Structures are given as C-alpha cells and as structure tokens.
Amino acid sequence: MSGPTLDESADDAILDVDGVSVWLSGREVLHDVRFRIMPGEFTGLIGSNGAGKTTLFRVILGLQAASTGSVLVGGRPLTRRNPIIGYVPQKIFLDPDMPLRARDVVALGLDGHRLGVPLGWGRRRKAVDAMLDAVDARRLADARVGSLSGGEQQRVLIAHALISRPRLLLLDEPLANLDIGAEGEVVALLARIAREQRIAVFISAHDVNPLLPVMDRLVYMAAGNTASGTTAEVIRPEVLSALYGQHVDVLRVHGRILVVAGAEGPSGVTFEETDGAAVGPDIVALR
Amino acid sequence: MVNTWIAATLVAVIAGVVGFFVVLRGSTFAAHAIPHGAFGGAAGAVLIGVNPIAGLGVFAVGGALGIGWLGRRGRHDVATALALVLMLGLGALFLSFSVEYAAAMYSLLFGEVLGVPSDELLPIAGLGIACIAALAVLYRPLMLTSIAPDVAEARGVAAQRIETGFLLVVALAATMTVPVVGVLLMFSLMIGPAATAGSLTRSPRNAIALSVLLALATVWLAVAVSYLTNLPVGFFVGTLGAVSYGCARIWTARRRGRTAPA
Chain A
0 MSGPTLDESA
10 DDAILDVDGV
20 SVWLSGREVL
30 HDVRFRIMPG
40 EFTGLIGSNG
50 AGKTTLFRVI
60 LGLQAASTGS
70 VLVGGRPLTR
80 RNPIIGYVPQ
90 KIFLDPDMPL
100 RARDVVALGL
110 DGHRLGVPLG
120 WGRRRKAVDA
130 MLDAVDARRL
140 ADARVGSLSG
150 GEQQRVLIAH
160 ALISRPRLLL
170 LDEPLANLDI
180 GAEGEVVALL
190 ARIAREQRIA
200 VFISAHDVNP
210 LLPVMDRLVY
220 MAAGNTASGT
230 TAEVIRPEVL
240 SALYGQHVDV
250 LRVHGRILVV
260 AGAEGPSGVT
270 FEETDGAAVG
280 PDIVALR
Chain B
0 MVNTWIAATL
10 VAVIAGVVGF
20 FVVLRGSTFA
30 AHAIPHGAFG
40 GAAGAVLIGV
50 NPIAGLGVFA
60 VGGALGIGWL
70 GRRGRHDVAT
80 ALALVLMLGL
90 GALFLSFSVE
100 YAAAMYSLLF
110 GEVLGVPSDE
120 LLPIAGLGIA
130 CIAALAVLYR
140 PLMLTSIAPD
150 VAEARGVAAQ
160 RIETGFLLVV
170 ALAATMTVPV
180 VGVLLMFSLM
190 IGPAATAGSL
200 TRSPRNAIAL
210 SVLLALATVW
220 LAVAVSYLTN
230 LPVGFFVGTL
240 GAVSYGCARI
250 WTARRRGRTA
260 PA
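Those sequence lines, one after another, are chains A and B. Quick note on numbering that gives the first Met the number 0: the first sequence kicks off at 0 and runs consecutively. Quick note on numbering that gives the first Met the number 0: the second sequence kicks off at 0 and runs consecutively.
Think of the hints as simulated: they come from the structure by calculation, not from any bench. Quick caveat: nothing in here was measured; it's all calculated off a predicted structure. One or more of the hints may lead you astray.
Said to hold, decoys possible - Covered, in the sense of this in silico footprint (three residues per stretch, anywhere, with C-beta under 8 Å from a C-beta of chain B), are these stretches of chain A:
no. : region
1   : 30-39
2   : 52-62
3   : 103-113
To be verified - One side only, chain A facing chain B, incomplete, derived with CB under 8 Å:
no. : residue
4   : W22
5   : R79
6   : R80
7   : V116
8   : D141
9   : R143
Think of the CB as a built atom: it goes at the ideal place given N, C-alpha and C, for glycine as much as any other residue.
Kindly produce the complete structure, drawing on both the sequences and the hints.
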C-alpha cells in the first residue's frame with residue numbers, strides 16, 4: 000500500500016531502460032535490456048566486443064530506434080540532442096598536424112552543434128579553462144589535440160562532454176588503448192566527477208577489473224542479453240552462466256575477477272551455438 | 000593588369016579559407032575531383048555555345064551533390080572517384096564533338112589570370128562572398144563533424160547534410176576560381192597554403208588567417224614572376240605551394256626536435 004521505495008526511486012532515475020530490444024538486419028542485437036541508473040551513480044557496461052554495448056549507447060543517444068521497449072532519460076522519452084546526456088566517443092579523428100588545440104575541442108562541447116561563428120570569446124575562454132582545470136588538463140589547453148597521448152585525449156574529450164553540464168555521461172570504451180597508469184587516472188577522474196558533481200557515469204568496458212574500485216553498479220552484456228545489479232550480485236557463476244547460455248566460472252585472484260568458460264559444467268551443460276552467434280565468454284580479466 | 004591583381008586576390012582569399020576546411024576534413028580528394036570534373040561541364044558549355052562558367056557551375060554542383068549522395072551509401076573515396084570519372088568521361092565526349100575548343104579549354108586548364116575581363120570580377124567577388132558566408136554559418140558543425148562525427152550526430156547535427164553543404168561550397172569556389180587560375184591550379188592553391196598554415200600554427204583561427212595570407216603571397220608572387228618571365232602562372236603557384244609546405248614541415252620538425260625531451 001505505502002509506495003514501495005523502488006517506485007519512488009524509479010521516478011528519480013536519470014536513465015531508465017525498460018525492455019529494450021533491437022533487431023538489426025534480421026538479428027536480435029539487444030534482447031529485453033532493462034536497468035536503471037540513478038543520479039551520481041557510477042555504472043559499468045561490461046561485455047566483450049560485439050556484445051551490443053555500442054548499439055545500446057546508440058539507442059540511449061537517440062541514434063538507433065529500439066524495436067521494442069522504452070528509454071526514459073531524466074524521466075522523459077528519448078530525443079536527439081538531449082542536453083542531459085554528455086557523450087565521450089572512443090576516439091576522435093585527428094591527424095597530429097591538425098591546427099586544433101585542446102581548448103578548441105572543449106569549446107566545441109559548449110555549442111559545436113550551433114550554426115554560425117562563436118562570439119563572446121572571453122566568456123568562452125573562461126568556461127573552457129575552468130573545465131580543463133576540473134579534469135586536471137589545464138596544462139594541455141594550448142597543445143595540439145592530435146599530438147596528445149591517449150589518456151590526455153580522453154581527458155580533453157571528457158571536458159568536451161562535461162562543459163555542457165550533462166547529468167548523464169556516456170563513455171564508449173574510454174579505457175581501450177590506454178596503458179595501465181592512464182587507465183587508473185581516467186577511472187579516478189570519472190569517479191570524482193560522479194561523486195562531486197552528482198553526474199551519473201555510464202562507461203562501457205570489456206574488462207571489469209579497472210572499474211571494480213569505483214563502480215556502484217554494473218550492466219553485464221553477453222550476446223545481447225543483460226544482467227544488472229551490484230558487482231556482487233552480477234558477477235556470480237549462476238548469473239553469468241545464464242547470460243552466456245553455458246557454464247561459466249568466476250575466479251577471484253588478488254582482488255581481480257576472472258570470468259572463465261568452464262569446459263564442463265557441473266550440471267553437464269552441453270555447448271550449443273545459437274543461430275551462429277558466438278556466445279562463449281572471453282576470459283574477461285586477461286587481455 | 001589591375002583586373003589580374005583583383006582577381007588573383009579574390010581567388011587567393013577564397014582558396015585560403017575553403018582550403019583550411021578541405022585540409023582539416025581530409026577532403027582533398029573531393030577538392031581535387033570537383034574542379035577537375037567541372038572541366039567536363041565547361042567543355043559541354045563550349046560545345047553548345049554558352050558561357051563555360053555556366054557549364055563549370057552545373058558540373059561542380061552536380062558533382063558535389065553526387066559525391067554527397069553516393070558517399071552516404073558507401074565509401075566516400077569511391078563515390079568521389081566515380082563522380083570524377085563520370086564527369087571526365089562526359090568532358091572527353093564533349094571535346095570529341097567540338098572543333099573550336101583548343102584555346103578556351105587551354106585557358107580553363109591553366110587559367111588566364113593575365114587576361115581577366117572587368118565584367119567577370121563582380122561574379123567572382125559575389126560567389127566568393129557567398130562561399131565565405133556559407134562557411135561562417137557552417138563553422139561550428141563543420142569543426143565538430145570533422146573531429147567527432149558521432150558526437151555531432153548525438154547532438155542533433157545532421158552530419159551528412161553538413162558534408163553535402165561543404166561540398167557545395169567547394170563547388171562554388173571551384174566555379175569561381177577555375178576560370179582565373181585554371182583547374183590544375185585551383186587545387187594546389189587550396190591545399191598548399193592551408194596545409195602549410197596548419198603545420199605552422201595550432202589555433203584554427205590563426206590557421207585560417209595564415210592560410211589566406213600564404214595563398215595571397217603565393218598568387219601575387221606567381222603572377223608577378225609569370226608576367227616577368229612569360230612562363231605559366233600555374234607552374235609558379237604549384238611550385239610555391241609544394242615548396243612552402245615542404246619548408247614548413249622541415250621547420251616544425253626541427254623545432255619539435257629541439258623542444259622534445261631527450
């Protein structure tokens with residue numbers, strides 16, 4: 000009778016994905032995906048290449064229509080150019096010699112979608128400097144973006160996405176192609192942003208381990224199926240085995256997690272290929 | 000001679016500004032294909048007895064739309080190449096029918112900057128202003144789609160429309176400048192100064208300004224030397240473009256070599 004707390008929190012969810020399926024050229028790429036993200040939460044989207052992570056992002060960004068199901072962002076149905084969402088692409092296309100500084104890329108985050116030449120240089124410059132300070136990248140402001148390292152470019156792209164003050168930050172594999180040091184720095188930066196500015200961070204990755212220290216919740220994807228919850232709830236042999244459709248073992252080694260395909264499950268699960276799609280789990284922790 | 004200087008100056012300003020975006024977006028192949036393909040249109044215009052500039056314009060705009068349309072459905076470079084060969088093929092056909100093409104075609108290929116008539120200056124200036132105004136309007140989405148097309152899409156920018164709009168600007172610029180500097184030169188004037196400017200400065204605004212200045216210097220110098228030596232303007236524009244880019248690369252490489260940590 001008294002409203003369950005679950006429903007109250009549903010109203011506050013910054014992202015509510017409810018039963019989303021996507022069919023692309025006759026194949027179901029996403030199957031009945033459902034999860035919620037609350038303001039300021041740090042959520043990982045974990046899965047190997049081809050699991051459907053990018054498709055899910057494209058749905059949330061309004062670039063791909065869902066075949067069934069609904070997505071609410073900030074309590075409202077999807078639109079393109081949703082100012083609530085900031086998006087960090089996996090990489091940008093820049094030749095090292097291109098005449099474009101880090102500050103120019105960040106400034107495009109303010110109003111890059113508008114027509115015309117930008118005005119109000121002083122005000123824009125201040126906003127850009129403040130944003131670069133916030134991601135510890137002020138010293139990179141006047142460097143050519145193309146000449147920055149992968150981790151530095153990620154910082155600049157994060158600043159580019161944050162400067163329009165989104166409430167949900169989507170990051171597509173920001174840790175791919177980073178060395179371990181840069182990986183840790185980017186994760187720490189994102190965790191700080193989520194905590195201090197109450198921005199929900201939704202980050203896709205193929206390895207769960209770099210995110211373990213900071214992740215509030217995770218959405219685990221395999222072959223278009225998802226399971227969501229806290230790490231302890233999801234990274235369990237029963238849950239992941241059901242997701243992959245075959246027996247999976249979860250090993251914990253020095254605080255790291257390895258998800259390994261079990262050769263023969265205890266219940267004698269036989270391996271089956273479902274309509275040609277590879278469903279076998281990768282060894283997630285080992286790259 | 001006054002006309003020559005005015006025409007050369009207008010062309011340099013347009014090529015410098017348009018060229019900056021061509022180099023930034025990596026659209027040099029399209030910038031090559033559109034003026035070269037448009038040459039076929041000029042041949043057609045000569046054949047049916049209308050102003051070659053009309054033929055240039057029709058083919059340039061048609062080529063830009065074709066590249067934009069085909070590029071949406073497949074690889075951009077393949078679409079560009081197909082548009083180019085189709086237009087060149089038509090040009091070859093028109094030339095084979097024509098008997099009086101030699102002089103007119105030669106001047107379109109290599110330009111006749113030393114003989115620009117007064118009544119062509121106004122259209123050149125008009126098209127030039129249109130090009131620059133269009134680029135000013137498209138400035139931010141052009142920059143954003145150049146570096147991160149999917150971010151632009153997510154923010155509601157129709158990246159394909161921006162691309163087609165940009166190709167149309169290149170087509171306008173080609174129509175306007177080809178009769179002055181010629182097909183061969185239009186291309187070198189767009190790429191050389193813009194690429195040189197890009198490697199000398201990091202800020203886009205400075206790079207556009209420097210690109211225009213270098214294009215002006217290139218054209219003025221080329222026209223002057225061509226006038227004195229009676230050798231083709233095109234030779235000097237092409238050579239100056241390549242040499243200035245080469246020097247800029249050597250200079251920046253040495254500077255970076257000095258400042259890079261050991």
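Status of the hints after comparison with the structure:
1. For the region 30-39 of chain A, the stated coverage by chain B is not satisfied: 0 residues place a CB nearer than 8 Å to a CB of that chain, which falls below the threshold of 3.
2. Taking a C-beta to C-beta cut-off of 8 Å, the region 52-62 of chain A contributes 3 residues in contact with chain B, enough for the three needed, and the coverage statement holds.
3. Chain B is given as covering the region 103-113 of chain A, and this holds because 7 residues of the stretch bring a CB closer than 8 Å to a CB of that chain, at least three being needed.
4. Proximity of W22 of chain A to chain B is violated relative to the hint, the smallest CB-CB distance being about 21 Å (cut-off 8 Å).
5. Interface restraint check for R79 of chain A: the shortest CB-CB distance to chain B comes to about 5 Å, inside 8 Å, so the restraint holds.
6. For R80 of chain A, the shortest C-beta to C-beta distance to chain B is roughly 3 Å, which falls under 8 Å, so the interface hint holds.
7. Hint status for V116 of chain A: holds, given a least beta-carbon distance of 5 Å to chain B, under 8 Å.
8. Below 8 Å, beta-carbon pairs count as interface contacts, and D141 of chain A has one with chain B at about 7 Å; its hint therefore holds.
9. Against a cut-off of 8 Å between C-beta atoms, the interface hint on R143 of chain A holds, since the closest Cβ of chain B lies about 5 Å away.
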